[in-house]
Amino acid sequence: MLSRRAMLGLSGSLMAGAMLRPVLAATPSLKAPEFSLFTKHLVGLPYDQLAETVAELGFKGVEAPVRKGGHVEPARVEEDLPKLVEAFKKCDVKITLMTTDINAVNAADRSEKVLRTAGALGIPSYRMKWYGYVAGKSHWDQLDAIKPQLRDLVSLSREVRVLPGYQNHSGPKYVGAGIWDMAMLMRRSKAACLGRTNWPWLVTISRWSISRTSTGRVSWPKVARWPKAGWGRTPWCSCEKLATRVRSASMSNT
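Under the working numbering, the first residue of the sequence shown carries the number 1, and numbering increases by one thereafter.
Take these hints with a grain of salt, some might be off.
Simulated crosslink set (DSS-like; lysine-lysine; CA at most 30 Å straight-line) [as the list claims (entries may be wrong)]:
| no. | residue 1 | residue 2 |
| --- | --- | --- |
| 1 | K94 | K60 |
| 2 | K68 | K90 |
| 3 | K89 | K60 |
Quick list of the computed label-pair ranges, beta carbon to beta carbon [said to hold, decoys possible]:
| no. | residue 1 | residue 2 | range |
| --- | --- | --- | --- |
| 4 | S138 | D48 | 25 to 33 Å |
| 5 | P82 | A55 | 35 to 43 Å |
| 6 | E79 | Q149 | 23 to 31 Å |
| 7 | N106 | V134 | 31 to 39 Å |
| 8 | A108 | G165 | 44 to 52 Å |
| 9 | E78 | S138 | 34 to 42 Å |
| 10 | K173 | D92 | 18 to 26 Å |
Worth flagging that the hints you see were computed from the coordinates, not collected in a lab. Every residue gets a Cβ at the ideal spot worked out from N, C-alpha and C, and that includes glycine.
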C-alpha cells in the first residue's frame, strides 16, 4: 500500500507528464541527415545515365566535379553545367556541392564564369582548391599573400550566392593541414560567407611539421611511438635519436 507521501509524489509526476505532452508533441522531430554522393568515380558517363545511376543508388544529392577532368570542363561551363543540372533534375537529384579548381578569382581558371553560372542554376556551394606552401619560404609571408586572394573570392562568391568551402588535406605542403593556419585566414569571414569541409581522418600528426617550420624552434619535443599491438615499451635510444634530429632541424631554421 502506498503511503500518503508516495501517492502525492506519483500524482505530481503524472500531472507534470500530462502537462508536458502538448509541448513534446509540438516539438519538431530531428531531421534525418541527407547524404550526397561524390561522383568522381562516375566521370565519363553520359549525363542522363549518370543521373539515373545516382537515383538508383538512392541518393538525392551529389557532389559533382566541375573542373578539368570532371563532369563539366570550366571551358564549357556555360554550355554543359545547365545540361548536367537538368539531367539530375529529371531524376529528382540536386547538385548540393561542386568540386572545383578555384581558390582565387582569375581568368585562367574561368572562376568567375563557373561561379556565376552555378549561382544562376541554384547550386548552393562549392569546394575550393587547396592552397599550398612553397618549401624554403616563410609560411607567414605566404599566408599574408593568400589573404587578398581569399578575400576577393569570398566577395565574388557572396555576390553570386554560392558558398565556398575549404577542405583540409594531410601533409606539410598544404595550407590547412595544421588547422590553425586556415583558421587564421578564415577568422574575418562570416560563416555564411566561407565554410570549411573537414575530413577528420586527414587531420593527422603530419601537421606538426608545419607548426615547427612556422615557429622556427622547438625547445623540447615530446616523442611517442605507437606499438603494433598489445603491451610494450619504446627503447629510449630510439626516441633520443629522433629528438636529436628534431632539435637539429629546428635550430637550423632559426
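Hint check results:
At roughly 6 Å between alpha-carbon atoms, K94 and K60 fall within 30 Å of each other, so this suggested pair holds. Our distance criterion of 30 Å between C-alpha atoms is met by K68 and K90, whose separation comes to about 25 Å. For the proposed pair K89 and K60, the alpha carbon gap of about 10 Å is at most 30 Å, so the pair holds. Between S138 and D48 the beta carbon distance is about 51 Å. The supplied range of 25 to 33 Å is therefore violated.
As the Cβ distance of P82 to A55 is approximately 19 Å, the hint placing it in 35 to 43 Å is violated. The hinted range of 23 to 31 Å is satisfied by E79 and Q149, whose Cβ atoms lie roughly 28 Å apart. Hint check: N106 to V134, Cβ distance near 18 Å, so the stated range 31 to 39 Å is violated. Separation of A108 from G165 is about 22 Å and departs from the stated range, judged on CB atoms against 44 to 52 Å.
E78 and S138 have their C-beta atoms about 40 Å apart, which keeps the hinted 34 to 42 Å range intact. Remark: the range hint 18 to 26 Å for K173 to D92 is contradicted by a beta-carbon distance near 41 Å.
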